[in-house]
Amino acid sequence: MRIPCPYCGERDAHEFVYRGDAAPQRPDGAEANEAAFADYVYPRANVAGAMHEHWYHAQGCRTWIVVERDTRSHAIAGATLAREAKR
Amino acid sequence: MSRLAAGGSIDRRQPLAFTFDGKSYQGFAGDTLASALIANDVRLVGRSFKYHRPRGILTAGAEEPNALVTLRSGARAEPNSKATTVELYDGLEAASQNRWPSLGFDMMAVNGLLSPIFVAGFYYKTFMWPRRFWERLYEPLIRRAAGLGALSGLPDPDSYDRDHAFCDLLVIGAGPAGLMAALTAGRAGARVLIVEEDFALGGRLLAERHEIDGQPAADWVAAVAAELASLPTVRVLKRTTLFGGYDSCTFGAVEKVADHLVTPAAGQPRQRLWKIAAKRTILATGAVERPISFGGNDRPGVMQASAVEAYVNRFATAPGKRIAIFALTASGLRLARALKAAGIEVPAIVTPDGTGDGSTIAGMVTATHGKTLRSIEVSGRRIEADILAMAGGWNPAIGIASHLGARPVWDDAIHAFVLKTPPAGMALAGAAAGHFSLGEAIDDGLREAQAALADLGMPATVGARPATSDDPAGVGTLWSVPGSKGKAFVDFQHDVTVDDIALAEREGFRSVEHLKRYTTLGMATDQGKAGQVNGQALLAAATATAMGEKGTVIARPPDRPVAIGAFAGAHTAAHFRPVRLTAGHAWAAENGASFVDTGQWKRAQWFTRPGESDWLESVTREARAVRTGVGICDVSTLGKIEVAGPDAATLLDRLYTNMMSTLPVGKARYGLMLREDGFVFDDGTAARLADDRYVISTTTANAARVMQHVDYCRHVLWPELDAQAVSVTEQWAQVAVAGPNARVLMQRLLPDMDLSNEAFPFMASAQCRWRDGPARLFRLSFSGELAYEIAVPADRGAALMRALTEAGRSFGVTPYGTEALGVLRIEKGHPAGNELNGQTTAHDLGMGRMLSARKDFIGRALAGRAALTDPMRPTLVGLKPVRPGERVRGGAHLLPLGAAARAEHDQGYVTSACFSPVVDGWIALGLLANGPSRIGERVRAVSPVRGTDVEVEVCSPIFFDPEGVRLRG
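Protein chains in written order, with the working numbering: chain S, 3 to 89; chain L, 174 to 1142.
Nothing false has been slipped in among the hints.
Per the computed footprint, the stretches of chain L lying under chain S, defined by three or more beta-carbons under 8 Å from a beta-carbon of chain S, are:
{"hint": "1", "segment": "418-430"}
{"hint": "2", "segment": "1034-1048"}
Label pairs and their in silico Cβ distance ranges:
{"hint": "3", "chain 1": "S", "residue 1": "Asp23", "chain 2": "L", "residue 2": "Gly659", "range": "56 to 64 Å"}
{"hint": "4", "chain 1": "L", "residue 1": "Arg1056", "chain 2": "S", "residue 2": "Gln61", "range": "51 to 59 Å"}
{"hint": "5", "chain 1": "S", "residue 1": "Ala25", "chain 2": "L", "residue 2": "Val901", "range": "32 to 40 Å"}
{"hint": "6", "chain 1": "S", "residue 1": "Gly62", "chain 2": "L", "residue 2": "Val635", "range": "36 to 44 Å"}
Simulated from the structure, these hints should not be mistaken for lab results. Note that CB positions come from ideal geometry on N, CA and C, so glycine has one too.
Whenever a hint applies, use it, and build me the whole structure from the sequences.
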């Protein structure tokens, strides 16, 4: 699999570390309760289709990126820097 | 000899000597082992897997199920080599397999007489009872009787290389379609990579007689090869097998660099593994001819028609003197013409419906006779023939496309599985696309290359489409021959017969995947390339289902067997993974260190002094030296991360459970990191170098993971924070200097610094100078002694170790390793890797107070869950044996006294244990349910693994200097 790193260009997937679904958002820590965090940490959707995922370019620029990947075909539609995706 | 006087692609001026089963023969350059054996009239080449039936060469390609030999000998022996793909070289040595005592007389052929037992699923049916006989009797028996070649068991003396290739267009297969495609794209300036398994280009044009542009096809191939070689953006890889298609149009291929030599030249790898990233791919892998399932179709002398054609036209051999043909397709008639042209007698052309020329016999072959073939039976009539060529139709070779998720569909027009929708970025051309004629192959190659160029935004080339001779491609289908006598084979290598398919169906194995696993159809080294579709068709017929509905099995990589050595490449023995050495490694080795692997690092475990015979003796001496004098320990492997920027303090507050923003410049603080689920992730120290700059340390094991975590927090969770982070683990060498004499030693090293307790107290940190270079000094103590850690740039690390040794010589400075480090920290009750095991909470480790209530941090919310702070959770305690001298072992389970050693009584376990010089006995740390309130209680430490059962007293985890007087001294 080839992943288009926004910094480094297209690179082999072996250079990256996979984390998982990019959808869950960390609750605002100061106020958020246990239930909100449990919901953030544990349940994950088992997506069949397009999915936004966090990958870390560990062997490259050390940037966390959001990759859009189809879990059925592994086709990759694109990638953005995580810090920009958040904005 | 059966070598034809003229013709073929062999070089008669280059004779090559080789041996088969110890007997000497001669072939020519351009031969395969199979063609050379045929030229030498060797008909019997192997025994079948299960019945040990005599087998001859069936094919002329990688689909060969029968002619498996062990190539070479000794450490270079390579079992299960297909004689049909082995390029002949001078000195080649081959031996037949799966026979005893000899190929001609195989004792195990008795299995054939027992064949009623060896039907499909016989393992499950025959060897079920009694159960204990399986391991002792049945399995060894079966393994000896059934099997292929044996490995040498010796280390592989050759090397294997790895390379990467990137291209605009990858062309797989250099037959007419592939060559046309590569030429078209190459002329347009595209970066083209064309891979061909064979040592010669041309594909079917090597074996069949055609005309292109009015010339023999071989001339066209030669011209194209020359032009491809002249094009700067085209690379041709011969002897290269593309074995797998992977995501994002990447491919694996293995180039047989030196397999056609006796031994590789000096410095030459035997094989090279290619990882190919292609923007577009054209699959031009051709098609594989199917056998026909009639009685005795496995007899040596029965061959694929396409193979006979190759052996006659390409290799200039006569596989037999009288070659009969049993054909369902027009290729049978083309073969007959080729044989007659070569002066070989064709006693009969048999087709089921009699189509063909006037001499064709309408009928079917129902039986064969002879040890090697002597005659065939057609409608009860015997016809003398020493070779029978069977033309059973064609299966497009689409395995690579299937790897990428494309599902084959049945095409009733050509009676074969094809791909209607190739994977994205891939096109099929020629026979692989189910277009069997030469004209279609040329058209496809041209068209698909132009399409790929257009796709890539490259200008198309204008080139003439070569004119080709007419080549009508007939298709036919006949899955089994009624009235067959004797076994009719479907899968030759695994001895699966027509009857086995029927049996599987009767027993309920009615899907193609179940059929495969029950009968082992297509599970041999040839992966059923020749016969698998026949088996599936028989199943479809037996279940009265259309082929399209029944479908075929899913093809997965590798498409061909690949030597493990090729995958391993250079990553063997010492090169299996990288080795990381600290700057002080050589110094440690000179001082008698024994090293231990800590991840990729080598760390000094202890330093043996002359006269010491036991590791415990060395470790005890080192630990005692730290408590009474001074010791030095290389701690460079601990992770070091610099965090800088206006928001560095805020970031660290969120990473650690405790406050780091309140840390003054020039101070250091112990810190605990949790995972978001509330469990402990890692620990270390943070030292504040400036208002906006910290250096934090991590455990050796978690250095990379913490770096990743810090980046995750910066990039994903809080991108608004202006804080940068970088790993400096390898930039700084760091040494712990610990013991009552530590200050004296450090003062000698840093004479200009005021190291008094007032000026540089416990947990102080400073950036300073050592020998006119930068240094960092910390007053940290893992040992509980007065201690410092000094860091210098890694290139001065070795000098630092030597300087410390030199400066401390007069008061006996002692190097200590990880074992003594462990003893010292266990005596002080400091948790390390054994306690930070991913299953413990801050509460478990007695660090509940470190969870700040004044801020948010990773893991805050979930660490507060009732179950994570339950006092009944196993919690850190000290343990010491009740009877002096007894030894507690790490991993032992803690049980109440008097309770049986069963899981239901388990109350925790021992995490770390050591011999403590200050206690003068064995001590341990452990996690015990409700531990802190059980101080003084006695429990059992039971290790079923080591067979020990020790009564221990629960105590404080701090065995030495509980007030911490010494480290502040």
